[in-house]
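Peer 1: So the sequences go chain by chain: A and B. The number in the working numbering is simply the position in the first sequence, starting from 1, with 32 added. The number in the working numbering is simply the position in the second sequence, starting from 1, with 82 added.
Bear in mind the hints are in silico, worked out from the structure with no lab data behind them. No residue lacks a Cβ here, since even glycine has one placed at the ideal position from N, Cα and C. Please note: incorrect hints may appear among the correct ones.
According to the in silico footprint, chain A covers these stretches of chain B (three or more CB under 8 Å from chain A) [as the list claims (entries may be wrong)]:
1. 298-305
2. 686-696
In silico contact screen, one side only, chain A against chain B (beta carbon under 7 Å); selected entries [claimed, not checked]:
3. Gly126
4. Gly424
5. Ala573
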Amino acid sequence: MSLIAYSLYFAALVSLAWLLAIWMTRVFSGALPAALLRTEATLLRLCGAAPDRGIGWGAYALAVLVFNATCFVVLYVLLRAQGTLPLNPDGIGGMAPDLAFNTAVSFVTNTNWQAYSGEAQLSYLSQMAGLTMQNFVSAGTGMAVAVAVVRGFVAPREATLGNFWVDLTRSVLWILLPLSVVLALFLAWQGVPQTLQGAVMATGLEGQDQIIARGPAAAQIAIKQLGTNGGGFFGVNSAHPFENPTIASNMAQSLSILLIPVAFCFLFGRMAGDRRQGWAIFAAMAVMFVAGLAVVHVYEIAGNPALGVGANMEGKEQRFGAMLSALWAASTTAASNGSVNAMHDSFMPLSGLVMLVFMQIGEVIFGGVGAGLYGMLLYVVLAVFLAGLMVGRTPEYLGRKIEGREVTLAVLAFLSMPLGILVGGALAATVPQALAAVQEPGPHGMSEILYAYSSATGNNGSAFGGYGAALTWHTTALGIIMLLGRYAIIIPMLAIAGSMIRKPQAPVTSGTFPTHGPLFVTLLILTVLILGALTFFPVLALGPIAEETARLAGQSF
Amino acid sequence: MSKPAKTADLSGLYPAAIRESFTKLDPRSLWRNPVMFVTAVVAAMTTVLGLRDLVTGVAGAGTSLHIAAWLWLCVLFANFAEALAEGRGKARADTLRATKSETRVRVLAAPDDDPATATETTSTALRAGQFVHVSAGEIIPADGEAMRGVASVNESAITGESAPVIREAGGDRSSVTGGTTVASDWLVIRVTAEPGKSFLDRMIALVEGAERQKTPNEIALNILLVGLTLIFLFVVVTLPAFASYSATTIPVIVLGALFVTLIPTTIGGLLSAIGIAGMDRLVKANVIAKSGRAVEAAGDVDTLLLDKTGTITFGNRMADALIPAPGVDPRRLAEAAALASLADETPEGKSIVDKAREGLGQVPAMPEGAEAVAFTAQTRLSGLDLADGRSFRKGATDAVIRLTGQTPPQALAAQVDAIARSGGTPLLVAEGTEILGAVHLKDIVKPGVRERFAELRAMGIRTVMITGDNPLTAAAIAAEAGVDDFLAEATPEMKLDLIRREQAGGRLVAMCGDGSNDAPALAQADVGVAMNAGTPAAKEAANLIDLDSDPTKLIEVVLVGKQLLISRGALTTFSIANDVAKYFAILPAIFIAAYPGLGALNIMGLASPTSAILAAVIFNALILVALVPLALRGVRYRPASAAALLRRNLLVYGLGGLIVPFVGIKAIDATLVVLNLA
């Protein structure tokens with residue numbers, strides 16, 4: 033039964049993504065109807081950008097940084113000053129400096145880690161002009177960077193990486209916006225509020241007063257899923273009945289979490305002019321995703337015998353049950369989305385392990401919009417270099433040689449994961465000011481720490497729950513690590529692209545290292561697991577694995 | 083030919099290599115290999131801590147020192163591998179150096195001066211541009227170009243080939259090498275190399291590995307290895323923090339052991355040995371690489387330009403068939419052909435005699451009083467006039483027709499045309515004025531060439547035959563040899579154009595050449611192999627020099643390049659795959675005190691935490707030394723498509739790298755228990 037349901041879900045996901053990839057290929061190559069091109073050109077002119085000029089990797093990276101830095105400053109000021117600004121019917125005050133820093137970084141980096149509770153700490157203006165806007169442009173940034181990186185691998189030598197402003201505008205205008213409108217309308221139909229009026233005061237059946245928060249939620253939720261943002265309108269995210277009222281809304285959101293990341297695999301194949309290349313990357317991601325999902329599913333359905341018979345329903349919504357919660361948990365951690373429809377803290381230890389691994393390998397199983405693809409291309413560079421020598425040639429990918437410069441950059445980018453998770457986590461596990469955030473002692477607490485720092489480094493944004501991430505130590509440390517996890521990968525990847533595009537493309541011969549087919553998929557998966565996951569094996573042993581073995585021995589934390 | 087033996091016995095090199103392993107512990111030398119440097123630092127730290135514990139009487143000092151010993155061994159094994167690889171080259175360098183003796187030389191002011199006017203100086207004082215007179219029995223004092231004279235030169239000191247070769251002024255055989263000996267006659271040489279920069283010096287430096295520069299892929303691989311070392315440094319340095327949260331303390335020595343076992347010591351320790359051994363294989367094949375880059379580039383080559391003559395064919399036309407005219411007995415034709423060729427000492431003539439012998443069983447001996455008629459460019463005929471008045475001739479079709487005044491019969495004429503159309507050369511044989519038949523001369527393709535090209539094709543390498551023949555002949559030979567393409571009536575400019583065209587399509591091109599007019603093409607090609615017998619210009623333009631002047635060597639060079647890259651890739655993959663088992667050995671040992679449940683990770687069932695850690699460290703050192711022979715010999719390489727190679731090597735070195743350490747660590751653990759060492 034669940035197998036059929038999962039199969040249907042995947043069939044729908046792959047076919048929608050496949051169709052979307054066709055449209056995205058046209059969008060990014062500029063093969064758009066004249067009316068759209070005119071709109072776009074007018075907008076770019078108003079912004080003072082020169083749309084017809086391609087730029088080098090350095091200029092592209094600079095444009096990304098300048099744009100993101102500006103977004104950060106604007107959002108920070110907005111959050112601090114929201115108390116005095118309009119569209120604040122519930123009279124919410126300005127945010128504390130460290131929390132505003134954390135939140136601004138979180139939304140600019142497409143992490144959407146929420147150390148605050150939306151309904152209590154954000155005005156409608158902050159939600160709409162601040163967060164929702166960042167949901168669009170941070171996703172657009174990731175998409176633009178991914179497209180530029182792909183061009184570096186596949187475009188002819190005399191071409192450029194493209195123009196950031198054009199790529200960003202196209203991502204937002206012609207991909208994210210139309211999809212969001214459709215999804216927002218669907219969600220509103222399913223019962224998600226979309227209003228500018230303040231909270232409702234109500235009296236409950238037992239006579240107690242109750243404040244029912246509401247607001248312009250549907251629009252924000254649509255883009256939070258499509259843009260792998262994940263920052264909910266309400267504190268408990270998609271477990272909240274106003275964010276995710278029905279099974280239909282749940283399925284639509286589940287699908288939209290993975291839709292664009294999956295489409296990027298196919299877009300890659302199309303841009304490379306060899307769709308098998310896209311399928312190979314998709315296959316590697318899909319195999320790891322299904323394996324992880326299977327683990328979560330089995331453990332959640334089996335439940336915890338210590339709590340009685342049946343599925344593990346602690347921290348899950350009755351509306352959705354164990355299966356839909358498992359699917360969501362796997363998707364949201366795989367895709368760097370971070371929205372939740374159940375409390376991950378209450379999942380079984382090995383389900384938590386899967387979620388941790390999905391984030392720690394760098395959000396490359398579909399991953400964030402765009403970010404997942406360029407993250408996976410980082411592993412591809414490493415896999416091709418490691419194994420490519422074994423065919424007796426200088427390793428090459430899509431006809432271009434991978435040499436010292438690319439390896440140096442790839443290693444630099446790769447270092448950000450252990451740096452953020454291990455160094456950040458180690459400090460969080462020792463410094464007293466940080467340690468206070470841990471809710472449960474023992475291995476479960478270790479998982480909480482790891483989850484927070486993995487989520488920030490991977491720009492995922494989901495939380496394990498239970499962890500007091502609002503402490504000043506964490507808002508600051510996690511903020512810095514989110515920046516590391518985003519830009520310490522974007523910049524080297526753009527540099528790799530800039531270096532690759534200058535290289536001659538060797539024709540494919542029978543002496544060429546094949547980068548499609550089951551053998552390469554296996555190699556890629558092993559590289560991700562050995563280089564990515566194995567690095568975290570010791571700490572995972574102290575966290576979820578220790579908890580699981582203790583659970584089997586009848587001990588709980 | 084007295085080349086050094088293919089499989090040199092290494093045991094004679096052991097004592098020197100073992101001594102070297104210790105001298106290489108000098109931090110300044112270790113520093114060049116970051117992975118081994120880090121290992122040595124951890125080993126030193128472990129030793130100090132072990133000694134401290136021993137002095138202060140803390141328990142476990144014995145185990146610490148045991149771990150330290152194996153860490154040191156790991157470093158020594160890596161040094162040993164490098165020393166052994168270098169040692170093989172050194173032996174050859176010593177013989178080369180022996181030829182570099184100081185001699186008296188006669189310097190001329192100008193090449194045309196009388197040798198009697200020469201001034202004497204020492205060979206070490208020679209500068210480029212000076213003219214030297216050398217005569218029979220003298221050693222040529224420096225690299226140079228013959229300006230005057232013809233001499234036979236014994237080049238065995240460089241090439242191992244004992245038969246003297248001709249060196250003469252002008253033409254493509256003008257280059258002479260310092261250290262070789264003039265066997266007969268004399269030469270006036272213009273010195274082309276400054277002292278200390280001669281070919282011999284370069285060769286000595288190269289085989290010794292003194293001037294060894296890291297190749298591009300080696301540099302990239304080194305960066306990756308340093309990166310992995312850094313990542314594992316993060317893992318190990320942060321582990322105490324996570325452990326203290328979990329109420330465990332991990333001894334520093336155990337952390338050090340975990341660190342060393344995780345970092346890629348196997349490939350890190352063997353990387354330079356693989357590189358040196360790869361260059362050594364080239365030296366053994368009598369090829370000198372002017373840079374390591376060229377050897378790697380050889381592995382990447384997509385297109386091979388091969389000279390037809392000497393590489394694909396034997397280079398001489400040979401008799402392929404005797405075709406009698408209608409009504410002529412084949413035996414009579416064979417006899418006549420043999421008689422007409424008896425006095426002909428050219429390979430063509432000999433091949434006709436051989437062909438006749440096939441038909442007759444034996445050929446007539448040179449008849450008494452017979453007079454040979456030699457080939458001239460005017461008559462284009464050769465043959466024999468017997469004492470009894472009979473005369474036998476063979477020659478070009480039109481020449482024989484003119485001589486005999488006859489036209490060949492219709493059937494024979496058709497055969498002759500067919501021979502010409504197939505790219506062969508027809509000769510007519512006549513006795514007196516009677517045309518007896520035709521000889522089919524053709525370029526014979528070397529046996530095995532076709533198979534070799536099929537292998538190259540499987541490897542994704544295109545072969546292009548270069549020939550001065552007309553397109554018709556070229557096409558016929560190309561089809562027979564199985565090359566992918568050919569360039570007929572080739573001029574140096576056409577070669578250069580072809581190389582540029584191939585490169586514009588993103589392909590890497592290799593070629594070999596010898597003449598001065600090959601120099602531009604050799605310089606343009608990604609891999610240029612010059613014949614040692616060639617001109618200085620060609621040798622300067624090329625990045626590889628073949629001492630045997632054997633054009634087939636190009637293929638061998640490509641294979642050596644590929645094998646070098648494969649060896650590196652295979653050992654890297656193996657080394658990284660090893661980590662999985664090492665985690666499973668050490669992690670349960672470290673954490674079992676805090677979480678007894680984590681004993682479940684001890685899937686190898688290792689006896690105790692101490693034995694587990696020791697076993698991992700010992701395995702780490704032993705696998706390094708076990709792989710030394712493989713690193714020196716190079717991974718076995720059979721030409722195949724990249725997909726097939728990848729499948730095979732991933733299975734052997736990837737899967738093998740996952741499984742072997744599980745078995746190895748378990749076995750070492752069991753041994754330690756039996757020996758009561760842990």
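Peer 1: Given a cut of 7 Å on the nearest C-beta pair, is the interface hint for Ala573(A) held or broken against chain B?
Peer 2: Holds, about 5 Å.
Peer 1: Are there three or more residues in the segment 298-305 of chain B whose C-beta lies within less than 8 Å of some C-beta in chain A?
Peer 2: holds (count 6)
Peer 1: Holds or violated: the hint that Gly126(A) contacts chain B, with Cβ atoms closer than 7 Å.
Peer 2: Nearest chain B Cβ about 35 Å off; hint violated.
Peer 1: Should the interface hint for Gly424(A) be scored as holding, given a Cβ-Cβ cut-off of 7 Å against chain B?
Peer 2: Given a least distance of 3 Å, the restraint on Gly424(A) holds.
Peer 1: How does the coverage statement for the segment 686-696 of chain B fare against chain A, requiring three or more residues with Cβ below 8 Å from a Cβ of that chain?
Peer 2: violated (count 0)
Figure legend: structure checked against the earlier numbered hints; hints not met, in rising order: 2, 3.
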